[in-house]
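Let's have the full structure, built from the sequences with the hints guiding it.
Number of protein chains: 2
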Amino acid sequence: MTYHDLTSHYRKLNQLVHVSRIVGWDEAVMMPRGAGDARADAMATLEGLIHQGSSDPRIAGWLEAAEAEALDALQRANLREIRRVYTRATALPQELVEAQSRAQLRCEQAWRMQRKENDWEAHLPLLSEVIRLKREEAVILAEQLGLSPYDALMDAYEPGMRSERLEGLFTDLAGWLPERVDEIVQRQSQEKLVRASGPFDVAQQRALGLELMAAMGFDFEHGRLDTSHHPFCGGVPSDVRITTRYNEQDFTESLMGVLHETGHAKYEQGLPRELDGLPVGQARSMGVHESQSLFQEMQICRGLPFLTFAEPILRRAFTEAARATPAAFEPDNLFRLYTQVKPGFIRVDADEVTYPLHVILRYRLERSLIERRLEPRDIPAFWDEAMRRTLGLSTQGNHRDGCMQDVHWPSGAFGYFPSYTLGALIAAQLYEAAVQALPNLEADIARGEVAPLSGFLAERVWKRASLLETSALIQHATGQELGTVAFKRHVQRRYLT
Amino acid sequence: MTYHDLTSHYRKLNQLVHVSRIVGWDEAVMMPRGAGDARADAMATLEGLIHQGSSDPRIAGWLEAAEAEALDALQRANLREIRRVYTRATALPQELVEAQSRAQLRCEQAWRMQRKENDWEAHLPLLSEVIRLKREEAVILAEQLGLSPYDALMDAYEPGMRSERLEGLFTDLAGWLPERVDEIVQRQSQEKLVRASGPFDVAQQRALGLELMAAMGFDFEHGRLDTSHHPFCGGVPSDVRITTRYNEQDFTESLMGVLHETGHAKYEQGLPRELDGLPVGQARSMGVHESQSLFQEMQICRGLPFLTFAEPILRRAFTEAARATPAAFEPDNLFRLYTQVKPGFIRVDADEVTYPLHVILRYRLERSLIERRLEPRDIPAFWDEAMRRTLGLSTQGNHRDGCMQDVHWPSGAFGYFPSYTLGALIAAQLYEAAVQALPNLEADIARGEVAPLSGFLAERVWKRASLLETSALIQHATGQELGTVAFKRHVQRRYLT
Numbered sequence: 001m002t003y004h005d006l007t008s009h010y011r012k013l014n015q016l017v018h019v020s021r022i023v024g025w026d027e028a029v030m031m032p033r034g035a036g037d038a039r040a041d042a043m044a045t046l047e048g049l050i051h052q053g054s055s056d057p058r059i060a061g062w063l064e065a066a067e068a069e070a071l072d073a074l075q076r077a078n079l080r081e082i083r084r085v086y087t088r089a090t091a092l093p094q095e096l097v098e099a100q101s102r103a104q105l106r107c108e109q110a111w112r113m114q115r116k117e118n119d120w121e122a123h124l125p126l127l128s129e130v131i132r133l134k135r136e137e138a139v140i141l142a143e144q145l146g147l148s149p150y151d152a153l154m155d156a157y158e159p160g161m162r163s164e165r166l167e168g169l170f171t172d173l174a175g176w177l178p179e180r181v182d183e184i185v186q187r188q189s190q191e192k193l194v195r196a197s198g199p200f201d202v203a204q205q206r207a208l209g210l211e212l213m214a215a216m217g218f219d220f221e222h223g224r225l226d227t228s229h230h231p232f233c234g235g236v237p238s239d240v241r242i243t244t245r246y247n248e249q250d251f252t253e254s255l256m257g258v259l260h261e262t263g264h265a266k267y268e269q270g271l272p273r274e275l276d277g278l279p280v281g282q283a284r285s286m287g288v289h290e291s292q293s294l295f296q297e298m299q300i301c302r303g304l305p306f307l308t309f310a311e312p313i314l315r316r317a318f319t320e321a322a323r324a325t326p327a328a329f330e331p332d333n334l335f336r337l338y339t340q341v342k343p344g345f346i347r348v349d350a351d352e353v354t355y356p357l358h359v360i361l362r363y364r365l366e367r368s369l370i371e372r373r374l375e376p377r378d379i380p381a382f383w384d385e386a387m388r389r390t391l392g393l394s395t396q397g398n399h400r401d402g403c404m405q406d407v408h409w410p411s412g413a414f415g416y417f418p419s420y421t422l423g424a425l426i427a428a429q430l431y432e433a434a435v436q437a438l439p440n441l442e443a444d445i446a447r448g449e450v451a452p453l454s455g456f457l458a459e460r461v462w463k464r465a466s467l468l469e470t471s472a473l474i475q476h477a478t479g480q481e482l483g484t485v486a487f488k489r490h491v492q493r494r495y496l497t
Numbered sequence: 498m499t500y501h502d503l504t505s506h507y508r509k510l511n512q513l514v515h516v517s518r519i520v521g522w523d524e525a526v527m528m529p530r531g532a533g534d535a536r537a538d539a540m541a542t543l544e545g546l547i548h549q550g551s552s553d554p555r556i557a558g559w560l561e562a563a564e565a566e567a568l569d570a571l572q573r574a575n576l577r578e579i580r581r582v583y584t585r586a587t588a589l590p591q592e593l594v595e596a597q598s599r600a601q602l603r604c605e606q607a608w609r610m611q612r613k614e615n616d617w618e619a620h621l622p623l624l625s626e627v628i629r630l631k632r633e634e635a636v637i638l639a640e641q642l643g644l645s646p647y648d649a650l651m652d653a654y655e656p657g658m659r660s661e662r663l664e665g666l667f668t669d670l671a672g673w674l675p676e677r678v679d680e681i682v683q684r685q686s687q688e689k690l691v692r693a694s695g696p697f698d699v700a701q702q703r704a705l706g707l708e709l710m711a712a713m714g715f716d717f718e719h720g721r722l723d724t725s726h727h728p729f730c731g732g733v734p735s736d737v738r739i740t741t742r743y744n745e746q747d748f749t750e751s752l753m754g755v756l757h758e759t760g761h762a763k764y765e766q767g768l769p770r771e772l773d774g775l776p777v778g779q780a781r782s783m784g785v786h787e788s789q790s791l792f793q794e795m796q797i798c799r800g801l802p803f804l805t806f807a808e809p810i811l812r813r814a815f816t817e818a819a820r821a822t823p824a825a826f827e828p829d830n831l832f833r834l835y836t837q838v839k840p841g842f843i844r845v846d847a848d849e850v851t852y853p854l855h856v857i858l859r860y861r862l863e864r865s866l867i868e869r870r871l872e873p874r875d876i877p878a879f880w881d882e883a884m885r886r887t888l889g890l891s892t893q894g895n896h897r898d899g900c901m902q903d904v905h906w907p908s909g910a911f912g913y914f915p916s917y918t919l920g921a922l923i924a925a926q927l928y929e930a931a932v933q934a935l936p937n938l939e940a941d942i943a944r945g946e947v948a949p950l951s952g953f954l955a956e957r958v959w960k961r962a963s964l965l966e967t968s969a970l971i972q973h974a975t976g977q978e979l980g981t982v983a984f985k986r987h988v989q990r991r992y993l994t
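Protein sequences, first through last, are from chains V and Z. End of the first sequence sits at 497 in this note's numbering; the numbers just go up one at a time, nothing left out. End of the second sequence sits at 994 in this note's numbering; the numbers just go up one at a time, nothing left out.
Hints listed in this document are in silico derivations from the structure and should not be mistaken for laboratory results.
Some chain V residues judged to face chain Z by a derived CB distance under 10 Å, without partners named:
1) Gln15
2) Val17
3) Val29
4) Met30
5) Asp37
6) Phe220
7) Asp226
Have a look at the derived ranges for each label pair, beta carbon to beta carbon:
8) V:Asp37 <-> Z:Arg573: 24 to 34 Å
9) V:Pro93 <-> Z:Ala596: 37 to 47 Å
10) Z:Gly945 <-> V:Asp37: 26 to 36 Å
11) V:Ser8 <-> Z:Arg508: 27 to 37 Å
12) V:Arg58 <-> Z:Gly558: 25 to 35 Å
13) V:Arg106 <-> Z:Arg692: 56 to 66 Å
These figures come from a predicted structure and were not determined experimentally. For each residue, glycine too, the CB sits at the ideal point set by N, CA and C.
Below, the structure written as structure tokens:
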């Protein structure tokens, strides 16, 4: 059967991807500085082989023949996913791919320094070249996929999502959130916060992270926690590598970062092992992935039940600080610390209420760029206007904390930002569904009992991998269509009642 | 030019080897247990691609064409090495390679438990199958290479070495050493040893290892130190990964292990960067590699000058122990601790004087096996007889500490053992040459000044990579042919004067 040729091709290809993921993790976490050049060459050769395998011309014939075979639903779903990734892998001319790879590498490398130096003028030509090539890509993909140019890019991260639908969700949020932010800030200005004072020993912070990861169901037989400059979740489903960084003066940051990545990790660890290596066995989308990390972080771990569970563990981890400022470790105080809302410049530091406003700005900006309604040189003005309007902050002249803050555009990731907020919306819906399915959920969490919740997520999301298309998965997982209602209810409940 | 096609083929191939080395290191050092199966599949696919590249049929034609081109000495040496590795890579029928790979994997996996359980009877059939296939390999290689079957195997590790020559060296050592061992044991029985008592904090031991590695010239821009169950030196020249394990009760073991691996690492780090990825740019042989680790460990770091340099560093690292038993940290005492000679069962724990006797036993045994003068079932009797004769120890019924102690045979590494002792001989010659070239060597070492010594080794060994054949390299490096004289002088000087 041709279907089997196809699957064994993809399983084999995935074994090279496995190797590439481990070596990629090593580069970020372990590699000594001087090894960078040789490593880049080695990785380029491996990536070349992976690209060759992904765009193997035999696949087209196999696909056609397999689609005529008698297959079950799972196999059909696998074919659908194979066709999707194969179409994308072969859509672009080789010269364009190589030109992009060079332009993005140059732009990203320069960006690291240019951002520090707030040097938009030097950055503009490099970014303009990335955008020029990205527009070219979008037009080609749009034609092949029968989508608008922006949607053709976004479809890489969020299969099935269209900007028409996104527009509705985002317009709704953009209209509703700014006033809520004002109200919440106003309310919180009355609150008393107690902060434990450091230093907090890094080894102790790490031990605490490991303990709470384990409590939340991270499987250490199939994963690790390490340290890197930028936290991430890497590796492969059988061996998920999450990272964090430690701040000796404040343990709360790293701890919540670890729990966020734990959400990503549990999704990967929960994917159906028997589909490992097949396109249908992969996580559904970036938005669904982010829903798992935000569910863990925002819905569970920043909530009072979890913080009640964590209290004695935190006190044990930081005995001295707990003795010096016992009030800092009261669950109510921890909850207030972990739910502070404050308009700020930086997306990655934003709270869950202002975060969507950062995303919506970027979505509107990048969509305008791809649709040629905005030129690269006008990015800072667009940014400043949107920041003033939605968060009341000016970034005029402050490019570093404005349009130069993210690595996404320099590295060519246009169409990715919406996934963050889609993840937040799905996570809120999922929490409502979980509360309905598990009446004891909050009491369980307060006792550190996560097995029922993990069972729920496994059944609703993890085991489904890419068997369903995104909207069908969200319907299956949350019992409702993707919308803003649950998220708004969550904000109301947590911050305004 | 065809020569350039060849070199770019090998450089590319080496980039996959690079990836494989890093992932191999990860498996031993980082990988969580549950990831083993998926990792094994991923590695098998990568190794398959590497094998495919190494035995690419185009290489034969390229080699022939390139040998007719106008090339310089370096290029000629590169061709010689390419022909050597290509001949070996293509000599064996695919079915034999696969049968060996299966038999060795089964035998090695079973060996781990069988050794613990001292179960020779269960081990024998598995090992017999490995030996049967190895004999088959040896006959095929012998014909292709025009060597005796055993030499054809040994040539993989020790290019150019022949058993006729080895026989001379080993007969000499086997005749001379046992009496020396008796004399030394007799002398040392009068010595007073003071041992510091632990526990020695693992983090402190690691910090000490890092400090002394740096002092000995390990380049941390191109390498790391980590922990693994079996210490090794892995990675690639641009990124050398050495490992150790720690014993909380005794810091001396791990420390000397780290310095041994540092010797291997400096060789790799010192290989000419511009030849990276080419066969001519690789380390010369396993024996030469071992000469670098044994030079570092036995000639330098177990010597009084180094221990004089290390004394204050050790005292600083283990303040409490140094206060409790100051005499334990006296250089003379450290020297006596690090030069204890004692016949024992286990090769890897042996001192430098008895070590060659362990190797000679194995060499004679494995050569008899390959030449069909000995059958697998007679291994224990052969072993016991040799151990009694040379070291006065019986292993009758004690297979665990006898013929089942090493991983080499279960994993198919026949012909490897001689390299350990060749390394010791070369290291002793190299030390004599170093003393001649650097009149201040010992005073320098006692001050921790290693730059002149590193310069000497770089010039004599590291930068030569595989440009010279082994015997020419030894001549160049030490100013004399390979022999036993320097090693015997070293034993006399260190232990009997």
